Amino acid sequence: MKQNLKYASILLVVLLAILLPLVMSKFQIYLVTQVIIYSILGVSYYLLLGHTGLLSFGHAAFFGVGAYAAALSLLHIAGPDTPILLAILVGALAGMLCGLLFGLIVLRLTKIYLAFATLALSQMIWAVAWKWRDLTGGDDGLTGWAARTVSMPLIGQFALTNVTFSYYFVFFFAVLSIALSWHFTKTPLGNTLAGIKVNSHRMGFLGVNVNKAKLMVFTFSGLIAGLSGALFILMKKMVSPHFLDMSTSFDVLIISVIGGYASFMGPIIGAFIYVYLVEYLSSFTERWQLLVGAFFVLLLLFYPKGVAGIIGNALRKVSFVSGKGKR
Amino acid sequence: MDSQLNMIPVLLLHGFVYGMLIFLVASGLTLVLGMMDIINFAHASIYMIGAFLCYQVTQWTSNFWLALLVAPVVCAFLGILLERGLLRKIHGSGQLNELLVTFGIAMVITEVVSWIYGSSPLPVAAPVQLAGSCQLWSGTKYPLYRLFILVLSGVVLAFMFYLLRKTRLGISIRACVEDGTMANALGTNVSFVLMAVMGIGAWLAGIAGVIVAPYLSVYSGMYNDMIMDCFAVIAVGGLGSLGGALIAALLVGQIQSFGVAFMPSISIAIVYLFMVIVFTAKPTGLFGKKE
Numbered sequence: 043m044k045q046n047l048k049y050a051s052i053l054l055v056v057l058l059a060i061l062l063p064l065v066m067s068k069f070q071i072y073l074v075t076q077v078i079i080y081s082i083l084g085v086s087y088y089l090l091l092g093h094t095g096l097l098s099f100g101h102a103a104f105f106g107v108g109a110y111a112a113a114l115s116l117l118h119i120a121g122p123d124t125p126i127l128l129a130i131l132v133g134a135l136a137g138m139l140c141g142l143l144f145g146l147i148v149l150r151l152t153k154i155y156l157a158f159a160t161l162a163l164s165q166m167i168w169a170v171a172w173k174w175r176d177l178t179g180g181d182d183g184l185t186g187w188a189a190r191t192v193s194m195p196l197i198g199q200f201a202l203t204n205v206t207f208s209y210y211f212v213f214f215f216a217v218l219s220i221a222l223s224w225h226f227t228k229t230p231l232g233n234t235l236a237g238i239k240v241n242s243h244r245m246g247f248l249g250v251n252v253n254k255a256k257l258m259v260f261t262f263s264g265l266i267a268g269l270s271g272a273l274f275i276l277m278k279k280m281v282s283p284h285f286l287d288m289s290t291s292f293d294v295l296i297i298s299v300i301g302g303y304a305s306f307m308g309p310i311i312g313a314f315i316y317v318y319l320v321e322y323l324s325s326f327t328e329r330w331q332l333l334v335g336a337f338f339v340l341l342l343l344f345y346p347k348g349v350a351g352i353i354g355n356a357l358r359k360v361s362f363v364s365g366k367g368k369r
Numbered sequence: 030m031d032s033q034l035n036m037i038p039v040l041l042l043h044g045f046v047y048g049m050l051i052f053l054v055a056s057g058l059t060l061v062l063g064m065m066d067i068i069n070f071a072h073a074s075i076y077m078i079g080a081f082l083c084y085q086v087t088q089w090t091s092n093f094w095l096a097l098l099v100a101p102v103v104c105a106f107l108g109i110l111l112e113r114g115l116l117r118k119i120h121g122s123g124q125l126n127e128l129l130v131t132f133g134i135a136m137v138i139t140e141v142v143s144w145i146y147g148s149s150p151l152p153v154a155a156p157v158q159l160a161g162s163c164q165l166w167s168g169t170k171y172p173l174y175r176l177f178i179l180v181l182s183g184v185v186l187a188f189m190f191y192l193l194r195k196t197r198l199g200i201s202i203r204a205c206v207e208d209g210t211m212a213n214a215l216g217t218n219v220s221f222v223l224m225a226v227m228g229i230g231a232w233l234a235g236i237a238g239v240i241v242a243p244y245l246s247v248y249s250g251m252y253n254d255m256i257m258d259c260f261a262v263i264a265v266g267g268l269g270s271l272g273g274a275l276i277a278a279l280l281v282g283q284i285q286s287f288g289v290a291f292m293p294s295i296s297i298a299i300v301y302l303f304m305v306i307v308f309t310a311k312p313t314g315l316f317g318k319k320e
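In order, the protein sequences belong to chains A and B.
For the first sequence, the positions run 43 to 369 when the working numbering is used.
For the second sequence, the positions run 30 to 320 when the working numbering is used.
Some clues are possibly wrong.
Some chain B residues close to chain A (C-beta under 8 Å, calculated; not the full set) [claimed, not checked]: (1) N92; (2) G121; (3) V130; (4) T217; (5) L279; (6) Q283; (7) I284; (8) Y301; (9) F308; (10) T309.
Calculated from the model, a selection of chain A residues having no Cβ within reach of chain B, i.e. all distances over 12 Å [stated by the list, open to error]: (11) N46; (12) Y49; (13) S67; (14) Q70; (15) L97; (16) I119; (17) L127; (18) L149; (19) Q165; (20) M166; (21) W168; (22) G179; (23) G237; (24) F326; (25) A336; (26) R358.
In short, the hints are calculated from the structure, not lab data.
Everything numeric in this text was worked out from a predicted model, so none of it was measured.
Beta carbons are placed, not taken as given, at the ideal position from N, Cα and C, and that holds for glycine.
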């Protein structure tokens, strides 16, 4: 019964997401697209932090490398004829490689050392994007695919500027990658990683190859984050070193914390709140970062489990009152 | 090449000056880390506040020495306030949670400061007594103000080591860093020691902020520059190790100084490269204990 309810609600959300663009303005669709991309990124971060307990301050690297790889392949592989799906594939694979590389380097580190090391690594990549002007365009970044049209097999031709098209396009990949990530957490490997979060030494004693498992989650998280980066450049029509910046890493962290970093749904809720909060606040004050920061601190002080935690508590209360829930 | 060789002593001095500055900030950070296991992101914010206070005081009174006296004291009070009002409350809620709260506080402070002062750099004039430069040896001049930084931070450093090694409070601090529960059981007032450490750490950060103001000018981005170097220092030096932090700070200072002079194209990444190399060689930092 409970299981059915869960699937029904997921189905409802998906159906709603499919139907929404029919009634929303272009700007609203654009915002929701951004929410979806941040959700993918947030879920990829959840795999590291919430699921495995690995604190990374360098998640922007996976995102940015995916974005740059997709941009470069759009510009260079076959000029204007580069298929969009190929670019996205390249972006995701580049993110995956980046994740693998990070994993190999930081494997032995734990806790705050891990955070510092990932931060240092991502800053190095940021510096490369900043300095290697010939390839990355330096601080100007890369652009030049805004006017492309995309031919989708079986469906037809679309302009990249078509907001509704990019919404559905992004949405398709979001469903795919989030479902894949969900499945990933339920595989034996996913269970192992959850065990590593609780006690990595004990997992080692049980005969689990802890380092290999960590490497796998870094690689997979890189893949998903790279995908979100590749999707982001289709929406933004440009890529710049800001994608790789420390502040992007911290944005992901803020999104996860607002939503609740310890739950799978947390970053998705967090992405929704973050995008709308920033949009709403920045429309009437220049100092929106101050308010976001204050919100962030207050939430941490009073609801460290984030909005997902608040919702969970409320649901539990409701089911407790109606006498059906189990404590 | 000959001129570059002549530059080496000057570069060494530059690196030394910058290294001492980082150490002044990082020392408070590493002590709090050793005692409470909290990475206090807001510590570098206090350094930034020190610099802006220096700007404000020199604006009002055009007296740098007054700023040097007053601003660090105000910073010390802010540090104590931060410890009493916040760190103490969240202590024990998990390392990640504590770190995130201080990160949020730092974010808010940076925003407030750039709200008040804008985001463009503000100049602070060096005091007249220290303007100009002095002849080090034939043909090499060095700005007097930087020598002053070196001397002052040397004095502060000596004071710190005296405090930690020779006084009652220093013994208590070291005991609390080693094992807080045991120190508490033996009758040390851990809560007071903690407050003292925060106060002294913030005072040092304030001094660093004031003396950096005429040297690098004052801007809201100085938080980010400093926190990264501090992270490098405490990570490389080993968490909670003061001697390690000193050596690491001097190393980072030299790397910055020589990196900018000899490898300008990679100078923005060179500290990160150094961090990664240290981590791959020794996962707990150069002087860290094995966990």
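Now the hints, each set against the structure:
1. N92: violated (32 Å)
2. G121: violated (12 Å)
3. V130: holds (5 Å)
4. T217: violated (26 Å)
5. L279: With Cβ-Cβ at 19 Å, over 8 Å, it is violated.
6. Q283: violated (18 Å)
7. I284: violated (13 Å)
8. Y301: holds (4 Å)
9. F308: holds (5 Å)
10. T309: Interface hint status for T309(B): holds (6 Å vs cutoff 8 Å).
11. N46: holds (35 Å)
12. Y49: With a cut-off of 12 Å, Y49(A) remains clear of chain B, as the shortest Cβ separation is near 32 Å.
13. S67: holds (31 Å)
14. Q70: holds (28 Å)
15. L97: violated (6 Å)
16. I119: About 28 Å separates I119(A) from the closest Cβ of chain B, which puts it past 12 Å; holds.
17. L127: holds (33 Å)
18. L149: Non-interface label on L149(A) violated, nearest chain B Cβ at 9 Å vs cutoff 12 Å.
19. Q165: violated (5 Å)
20. M166: violated (5 Å)
21. W168: violated (8 Å)
22. G179: Consistent with the label, G179(A) stays out of reach of chain B, its closest Cβ about 16 Å off (over 12 Å).
23. G237: holds (19 Å)
24. F326: holds (15 Å)
25. A336: Violated: least Cβ distance 6 Å, not greater than 12 Å.
26. R358: About 21 Å separates R358(A) from the closest Cβ of chain B, which puts it past 12 Å; holds.
This entry does not satisfy hints 1, 2, 4, 5, 6, 7, 15, 18, 19, 20, 21 and 25, going by the numbered hints stated previously.
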